[in-house]
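S.K.: First to last, the protein sequences are chains A and B. Each residue of the first sequence is one higher than the one before, starting from 67 at the first, in this note's numbering. Each residue of the second sequence is one higher than the one before, starting from 67 at the first, in this note's numbering.
Just so you know, these hints were derived from the structure itself, not from any lab. Every clue listed holds true.
Identical copies go unnamed one by one, so any copy, or any two together, can satisfy a pair.
EDC-like mimics (lysine to aspartate or glutamate), calculated; alpha carbons at most 20 Å apart, straight line:
#1 Lys413 x Asp461
#2 Lys333 x Glu190
#3 Lys333 x Glu154
#4 Lys144 x Glu190
#5 Lys241 x Asp455
#6 Lys303 x Glu154
#7 Lys241 x Asp267
#8 Lys434 x Glu474
#9 Lys181 x Glu167
#10 Lys199 x Glu154
#11 Lys443 x Glu217
#12 Lys307 x Glu319
#13 Lys194 x Glu154
#14 Lys215 x Asp455
#15 Lys370 x Glu295
Number of protein chains: 2
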Amino acid sequence: MPREHFRQLMRVETARRSLFRATRAASVRRSEVVPVQDAMGRVLARSVVARRYLPAFDLAVVDGYAVRSVDLHYASSKNPRILQLVGESRLGEICRLRVREGQAVAVATGSAIPKGADAVVMIEHTRKLMGEKIEFRTRVGSWEGITRKGEDIAPGRMVLDRGSRLRPEDIGALKTLGLGNARVVRKVRVGVLSTGNELVDSTRKRNTAKIVDLNRPILSGMLRQLGAEVVDLGIVKDDKKAIKAALRRGLSETDLVLVTAGSSVGKRDLVPNCINSLGRPGMLVHGVAMRPAMPTGLAVVQGKPIVSLPGFPVSAMLAFRVFVRPLLANLVGAPEPVEPTVRAVLKEKIAGMPGHRTFVRVRVCRGKDGYWAVPLKAQRSSLLTSMVDANGIVDVLESSSIIKAGAEVTVTLTGDIRI
Amino acid sequence: MPREHFRQLMRVETARRSLFRATRAASVRRSEVVPVQDAMGRVLARSVVARRYLPAFDLAVVDGYAVRSVDLHYASSKNPRILQLVGESRLGEICRLRVREGQAVAVATGSAIPKGADAVVMIEHTRKLMGEKIEFRTRVGSWEGITRKGEDIAPGRMVLDRGSRLRPEDIGALKTLGLGNARVVRKVRVGVLSTGNELVDSTRKRNTAKIVDLNRPILSGMLRQLGAEVVDLGIVKDDKKAIKAALRRGLSETDLVLVTAGSSVGKRDLVPNCINSLGRPGMLVHGVAMRPAMPTGLAVVQGKPIVSLPGFPVSAMLAFRVFVRPLLANLVGAPEPVEPTVRAVLKEKIAGMPGHRTFVRVRVCRGKDGYWAVPLKAQRSSLLTSMVDANGIVDVLESSSIIKAGAEVTVTLTGDIRI
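Make a model of the complete structure from these sequences and hints.
M.R.: This is the structure we're talking about:
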């Protein structure tokens with residue numbers, strides 16, 4: 067009797083693979099050159115191979131005295147050796163001194179090692195005597211207390227792989243190698259389109275049947291957090307022509323289009339047909355065995371991915387996490403960032419829908435001996451508070467049904483854990 | 067014999083507590099008003115209580131027919147009930163229709179429920195007959211298929227607590243409540259100062275004893291990732307007057323000062339004395355039982371925290387993670403964000419220093435049945451690659467010494483896991 071049903075729901079993993087396979091060729095190939103200081107979070111388009119030495123010279127890594135280790139070969143507390151202090155290697159200055167037999171040169175952490183010396187003895191293990199003489203009570207290994215020129219990085223060493231998402235320490239490495247610029251993958255441009263006759267950007271009226279569109283602001287925020295560039299495709303009415311025109315604009319201006327609502331199989335669900343009418347292969351997946359966000363569609367048109375997300379913001383966010391987040395990483399050739407998780411004990415049982423991936427929103431609290439996860443009472447995807455009140459999601463696999471209270475589960479955190 | 071030693075190293079947890087206690091009064095109290103769309107990642111200065119209903123009217127959450135549930139009380143597949151379709155509640159339009167006994171009104175997801183109706187039957191469970199008649203083969207519960215006005219959020223409900231770090235879904239909530247602006251805690255202003263005669267911002271010369279300062283760019287990057295505002299206090303020479311002047315500037319212009327190098331107990335380590343000369347209480351902690359970053363100092367002057375970080379960038383980064391990261395959260399009154407971790411099997415044994423917290427840098431790789439953690443050969447804090455080559459850190463507690471190969475450990479991820 068059901069007249070409008072999904073013929074078959076695809077499993078999450080199958081749907082994901084299908085999307086990734088079809089979009090393999092869609093990766094963002096264009097790169098751009100940006101100043102190193104602006105490159106944080108960007109993805110390297112080319113591996114970086116060092117052309118300089120780090121450090122650029124042999125340097126002391128402790129405060130003390132540069133010596134010839136051979137001179138202290140027999141030094142011990144019973145048999146201290148005394149060397150003649152012949153000068154100081156000053157920080158930041160080229161050292162013209164040479165350490166000869168029986169001699170020592172004062173050094174500080176970071177100062178250049180004088181010629182002839184092959185070790186630095188920490189000042190704590192020495193004593194300064196009259197007449198610029200230094201007493202040593204321990205022997206020292208060759209190159210002890212020194213970082214050698216190029217020991218950290220030598221020319222020809224691959225320092226950062228293509229596909230690296232640049233972290234502060236990587237920016238440091240690029241800077242110390244003398245690189246002023248970095249060649250990074252262009253940001254993914256993502257078009258965000260909302261459909262629905264009821265949608266407005268804001269409303270002040272009390273008596274209205276309009277609904278404020280939250281999908282564009284929420285998805286734009288999620289996209290920016292992940293380093294994408296957002297192109298706002300606006301709100302269009304439930305009208306084939308308007309939807310197609312907006313999608314076409316998205317396809318021409320962006321690398322990926324997200325369109326919300328109208329994604330199901332009812333007569334008002336115009337998006338899947340609109341997508342199919344724009345080119346091949348069109349919809350790859352329509353309907354996913356997941357809750358919420360079952361009416362999710364994944365498509366490729368003109369080599370570009372289009373993701374058709376359900377209209378409820380909670381569903382759109384969850385489908386975004388499952389499909390768009392990894393897709394964005396694929397498009398720039400970087401791994402998907404690992405999300406923070408905690409192990410927590412369920413306060414109340416949760417129920418998955420057998421055969422479906424169920425994303426249960428929970429509130430994680432710190433307990434005495436660990437974390438508790440309290441499933442939110444409101445789990446309906448129509449309720450925004452089912453996401454706003456949550457700080458974590460339990461991903462219940464297709465094979466699970468009920469997870470009992472007291473069981474330990476992995477919670478992916480979506481927000482801070484308050485005390 | 068050791069002449070210049072730390073008298074006593076403080077345990078990490080004790081040092082942290084001492085810093086947090088002394089800086090409790092230092093929290094950033096000033097707030098500012100920003101447009102909601104620019105508030106992502108910011109911390110709410112005041113709790114947000116709803117003044118509107120969400121949804122603003124009773125609405126359908128499925129496509130179907132709005133009915134009086136009482137009319138379908140006896141409906142079943144054996145005993146279908148037929149109702150008269152009297153109109154449609156259009157999306158985005160105020161509905162003037164009323165459902166009377168024996169009547170139904172067509173609705174779409176998001177459209178207003180006509181007066182008189184108290185349930186929506188999904189279109190999949192109905193059949194349209196001739197003469198605008200609809201056949202129903204199931205009963206329906208009262209308020210099924212409907213989200214009631216205010217069911218998600220009603221006026222007076224606390225929607226977001228003070229101290230919430232705003233996420234995309236929170237921005238959505240603020241927007242739908244009609245809030246154009248949000249009152250957020252002012253960003254923490256952090257002064258970043260490097261000390262050392264050898265330091266320069268960049269160098270092109272091959273024959274030089276200068277060292278490129280990486281601490282300011284690296285720490286600035288880490289600070290910005292955490293939502294702080296950076297004030298660059300530059301590089302100063304190892305000179306008391308210069309250091310004090312820069313610290314004074316930092317204290318007057320910022321909420322927190324980070325100063326790198328000169329943090330130990332040698333005669334060149336001028337920073338702790340400079341800090342103490344600026345005011346009370348001065349250095350709270352000097353020397354922490356941790357590796358690397360043992361010569362870390364924690365101070366409060368004029369009610370403002372100063373963190374004296376070791377000069378090696380690797381040490382500075384690790385001390386930043388341990389002390390500055392949680393301090394930043396405290397200062398804005400938000401919890402410290404949970405970092406991503408994975409459980410991984412050690413490929414090789416690691417050795418902690420008994421009585422010290424040891425931060426071992428590892429490379430995490432995906433194995434067949436889980437993750438492997440390979441400790442980097444280079445662990446010396448003087449080597450930048452000991453951080454750049456790593457994507458994770460194993461925090462070896464004071465009570466541990468050797469952790470054997472094959473043991474499972476928790477790794478805090480500092481970078482992506484490549485395939």
